[in-house]
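Now that you have both chains on their own, put them together as the hints suggest.
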Amino acid sequence: MNRGTVIKHTWIRRVVQISFYLFVLMIVLSHVFERQGWNLPWPVLRNFHAICPFGAVETAGRLILDGSFIPKTHASNLWIFYGVVLVTITIGAAFCAYLCPLGSIQEWIGRLGKRLFKKKYNRIAGTKMDRILGYMRYGVLLAILVQSTRMITLVFQKVDPYYALFHFWSGDLFLGGIGVLGIILLLSLFVERPWCRWLCPFGALLGIVQLISPWKIRRNSELCNSCTACTKACPMGIDFTDKKAVLDTRCNRCGSCLTACRREGALTFSLPVKPMLKLRDGLVTALLIVVLFATPILIAHAGGWYNTSNKAVIERGTLVMNELKGSMTLRDLATGFDMEMETVFTLLGIPPQVPDSTKIYDLEEIDESITMHTVKMELSKYLKKG
Amino acid sequence: MKKITLFSLIIFSLVFLSIGAYACEMQFTLTTPGGATVNIVPGRETSLSLGESYALQVDFTQDHKRCVTPVEETVYLVSEEKWKSTKDYLPLQLVEQGEWASVSEGVWTQEIQFKTSQKGLWELEIIRECPKGGIDETLVFQVQ
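Going down the list, the sequences are from chains A and B.
Just so you know, our numbering puts 247 at position 225 of the first sequence, and the rest follows in order with no gaps.
Just so you know, our numbering puts 140 at position 109 of the second sequence, and the rest follows in order with no gaps.
Check before you lean on any hint, since a few could be wrong.
[What the hints assert, rightly or not] Derived lysine-lysine pairs resembling DSBU-like cross-links, with alpha carbons at most 35 Å apart:
no. : chain 1 : residue 1 : chain 2 : residue 2
1   : B       : 115       : A       : 94
2   : B       : 115       : A       : 150
3   : A       : 142       : A       : 254
[To be verified] Some chain B residues judged to face chain A by a derived CB distance under 10 Å, without partners named:
no. : residue
4   : 56
5   : 65
6   : 66
7   : 72
8   : 111
9   : 112
10  : 136
11  : 142
12  : 143
13  : 146
14  : 149
15  : 158
16  : 167
17  : 168
[Claimed, not checked] Residues of chain B placed beyond 10 Å of chain A at every Cβ, according to the derived structure:
no. : residue
18  : 60
19  : 90
20  : 110
21  : 124
22  : 134
23  : 144
24  : 160
25  : 174
In case anyone wonders, no lab produced these hints; they're calculated from the structure.
Beta carbons: idealized from backbone N, C-alpha and C, even for Gly.
For reference, chain B alone in the conformation it holds in the complex (with noise of 0.2 Å):
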């Protein structure tokens, strides 16, 4: 008896620390020019290369039962600004904007094109507004 409680805390522990590690509702998958992938995570600083172009993919799970914020209401600001292709000025133009694709129930996942084209430290913010707390996510890119 006191071997299978040791035996199914330690596996309840376990469970729950890798439960813990993965706790990310969104999800960050860059993929450099020369193809190679790179997980990116929120606030810390990825380097760029100046003029190059970039791909990044977006997962978003919901995690919660009811999601009031539709996924496609997802917005992106790049320098406090909407991402948009228009805005050549932007220091990270984006190219193309991909569809959100439904992965499977609560799971999408979009694609993003863009290029950078001014050297410095630049903020991606991935903001979803929900009366439940939603997300405020920030990339950091250091293009050099």
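One chain only, chain A, in its complex shape (with noise of 0.2 Å):
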């Protein structure tokens, strides 16, 4: 690769990082701003475990056994996952190089850790080593997936850095989270990436996930002279010698040894037939993967079918007797019925100064007759009628 294009794919990874970081950011500040009374434009996520896609690994088992989510999960994150499985089974595991905050985050330490260290940095274990500590990947992905299944719970989340990173800051803290997080942005100043390489759950299963990828970095052995630059250059230690193409599943295609290659089309991220489509440039590789991440996304949010919570079914107005539950409240109730409010308070006979928000569980506090019983009987009848 030219100098040109060295630096221009570098800064487009670097930009769809840092633009991704901030979008998640601004997803958890949105919830924060609504609770200090701002007024915002968009709609506001509070349950940040939604949109996290390994939830979508960790209730996988609830799911097959009996169709239901672990709490806290919803139909998101699964469509999150498909965005992440279709970048992944296309052009692998870009995901983690490209808009993983975790990821970005610890290779922003580590280049202050390039910087400080130089040739000490990235040398904390051997090549043995650090081959046999990624293996600890599969252990972990193993264990949260037995467990979660097992305690129908997300089991992860008081160690999960990545929820530590959007909420150090808050009251909703885990400690064990931030215990985790301080420890491997620590480590992050004497090695590349140390979470993604050793314990990354999600990472493990995309690495398997990548091996079918069409596109991969691909070593043309007439024209490369051997001079092992992409080797040293690879943040994840993967040696390149004799190889064709890269299978590691380590690889998450962040590009440092095309960009490290001096020999024009010694090394290229292509398709294995002819034409070779070559992700050469960079803003094509990066527009590549925000849409192939998008497209489920989108798709789900056009069909309704994108639930971050329960509210999404009772928004739609199409709640069923079923799925009513004590918990909801009276708007809840009228909107998922598609009912007028005035309806709902005459049909129960709740008094007028009773405020919408109060839930069905504590209406009984106002009136001991208005019990979950009687309100699914006038509410059965109303719609027989209806």
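As structure tokens, then:
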């Protein structure tokens, strides 16, 4: 790659990383600002877990066993996961290098580490040990899959550094998570992406999935002069010697090898068949990643399947009697069944001064005759008439 | 140096996994009429016998720095209704609900006595409403 392309490729990836980091931060801060009483012009997400693609992996066991989601996960997790999978099966685990905020922050701290420790940076573990430690990712993935299915809860959240990264300033903090995050960020000063290379369960899964991606880093042995610049540049310590294509599960398509290669065509990010469709331009790669990632999410939005909470079902006015919960408010009931608020009050005999934010299970504190049992009976009668 | 690094990382990952394995904010223990104790996993069915009395111990651990919902505001719902001893029509009849007792800083426990009065699959929902997410656990009982 020539110098101009190198700089362009590096900067485009950095711009995508920063943009996505800020986007996630904005989602989190929207919730914080809403608590402060700010009236925001966009919809506020109250459940951060609902936008984590790994939530889909955690709830996978329950979905397969009985079709249910474990608490705090929703259909939104699945759609975001589909986006990540679409990227991965097409061009590999580029989600980790371009979009994952936890990966990005490790990389940014790593840049400081490189300046501080120069040649000693990324030498904390030898090649063999690095590979052995990398297998821990599969152990973590297996443990989380088994435990979350068995315990029907997000077992990972208390030690989840991703959750801690976006909540360390808030009271929603898990000390385990902040401890793990602290260790990772500290280690990032000495080694490139310690979480990704040794412990990340999501990276482990994507590393396996990416083996089927047609776009791979390919080495042309006729043009390559075996200078090992690519091997030295790889932050994951992947050895390119004698390889035709990189099949290492740790490769996240960051492109460091491509930018390090000085021989035109010796190393390419391309398809195995002719014409070799090369993703030479960083902008095309970045756009492809963003489009592939966003496509399932946009389709789900358009189809009304992107639920980040039970509220989405209510807001569509498609609630059915079996889904009515005591924890829903009178407003939820009216919206969910597409009824006028006045009709709900009249139907249930609720005094007009009662706020519509009152939960159904609290109605009996106002009038002990209005229990969930009577609410369901009156509502059934009304719906049959309608 | 390499051995130390390897050792510390293995220790770190073991601690990491063990925390993950016990990541429950609420734990439920059921004492049967025979005196046996059973840990109840929310969402998973637990078999009970009709007409028998059981004791449910609820242990709550507050793991956030600041909790804005007092422990006394924990709500129990059976058939989506508040669980009260006056409601003898509920399939799980509340006999006695003890006070929340503080065990240590951020840890509370409560004991609840109840009796099964109808056959079927019943849910006991435990809710802690909180602007920071709260808790919503469902215990599933199969009364035979």
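For residue 124 of chain B, is the shortest CB-to-CB distance to chain A above 10 Å, so the non-interface label stands?
holds (15 Å)
A closest beta-carbon separation below 10 Å is what the hint needs, so does residue 142 of chain B meet it against chain A?
Violated, about 22 Å.
Does residue 143 of chain B meet its interface restraint, that is, does its C-beta lie within less than 10 Å of any C-beta in chain A?
violated (17 Å)
Quick check for students: does the CB of residue 174 of chain B sit more than 10 Å from each CB in chain A?
It holds; residue 174 of chain B is separated from chain A by about 18 Å at its closest Cβ, greater than 10 Å.
Distal placement of residue 144 of chain B relative to chain A, Cβ over 10 Å:
holds (21 Å)
Answer holds if the nearest beta-carbon of chain A is closer than 10 Å to that of residue 168 of chain B; otherwise answer violated.
The hint holds - residue 168 of chain B has a Cβ within 10 Å of chain A, the shortest such distance being about 7 Å.
Restraint: residue 72 of chain B near chain A, CB-CB cut 10 Å. Satisfied or not?
holds (6 Å)
Residue 115 of chain B paired with residue 150 of chain A [C-alpha distance capped at 35 Å]:
violated (62 Å)
Holds or violated: are the alpha carbons of residue 142 of chain A and residue 254 of chain A at most 35 Å from each other?
This hinted pair holds, its Cα atoms lying about 13 Å apart.
Closest C-beta approach of residue 136 of chain B to chain A relative to 10 Å, hint status:
This interface hint is violated because 13 Å lies over the 10 Å limit.
Run the C-beta distances from residue 110 of chain B to all of chain A and say if the shortest one exceeds 10 Å.
Non-interface label on residue 110 of chain B violated, nearest chain A Cβ at 7 Å vs cutoff 10 Å.
Can residue 66 of chain B be said to touch chain A, with a Cβ gap under 10 Å?
Residue 66 of chain B check fails; min Cβ-Cβ to chain A is 26 Å, beyond 10 Å.
In this structure, the earlier hints numbered 2, 5, 6, 10, 11, 12, 13, 14, 20, 24 are contradicted, and the remaining ones agree with it.
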